[in-house]
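Enquirer: Sequence:
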Amino acid sequence: MCVVFGKTVDSCITGGGDGSIYIWTGTALTKKIDDAHEGPLFAITAVQDK
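full-length UniProt numbering numbers the first residue of the sequence shown as 1 and each following residue consecutively.
Hints are computed from structural coordinates only; laboratory data are not their basis. For clarity, every value in this text was computed on a predicted model and none was experimentally measured. Cβ coordinates follow ideal geometry from the N, Cα and C atoms, glycine included. Hints are not guaranteed to be accurate.
With beta-carbon atoms standing in for the labels, derived distance ranges [to be verified]:
1) Val9 / Ile44: 16 to 22 Å
2) Val4 / Asp35: 15 to 21 Å
3) Val9 / Asp35: 28 to 34 Å
4) Thr8 / Gly39: 26 to 32 Å
5) Thr8 / Glu38: 25 to 31 Å
6) Gln48 / Asp18: 23 to 29 Å
7) Gly17 / Thr45: 14 to 20 Å
8) Asp49 / Trp24: 18 to 24 Å
9) Gly17 / Asp49: 15 to 21 Å
10) Ala36 / Thr8: 18 to 24 Å
11) Glu38 / Val9: 30 to 36 Å
Using the sequences and the hints, build the whole thing.
Expert: Following this line, the structure appears as structure tokens:
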């Protein structure tokens, strides 16, 4: 439902309709965070470390 680029050029983070967050490297799913939100994720942003 939403996507943002990650820290490297070949990574991105997507939010799903089930409230999960998916982290991708290239075309491979590298991590899934179940139930990150109670409903669908319509927007997501990446925040740089301090």
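Enquirer: For each hint, tell me whether it holds in the structure or not.
Expert: Quick rundown of the hints versus the structure:
| no. | hint | verdict |
| --- | --- | --- |
| 1 | Val9 / Ile44: 16 to 22 Å | holds, 18 Å |
| 2 | Val4 / Asp35: 15 to 21 Å | holds, 19 Å |
| 3 | Val9 / Asp35: 28 to 34 Å | holds, 29 Å |
| 4 | Thr8 / Gly39: 26 to 32 Å | holds, 29 Å |
| 5 | Thr8 / Glu38: 25 to 31 Å | holds, 30 Å |
| 6 | Gln48 / Asp18: 23 to 29 Å | holds, 27 Å |
| 7 | Gly17 / Thr45: 14 to 20 Å | holds, 18 Å |
| 8 | Asp49 / Trp24: 18 to 24 Å | holds, 20 Å |
| 9 | Gly17 / Asp49: 15 to 21 Å | violated, 29 Å |
| 10 | Ala36 / Thr8: 18 to 24 Å | holds, 21 Å |
| 11 | Glu38 / Val9: 30 to 36 Å | holds, 32 Å |
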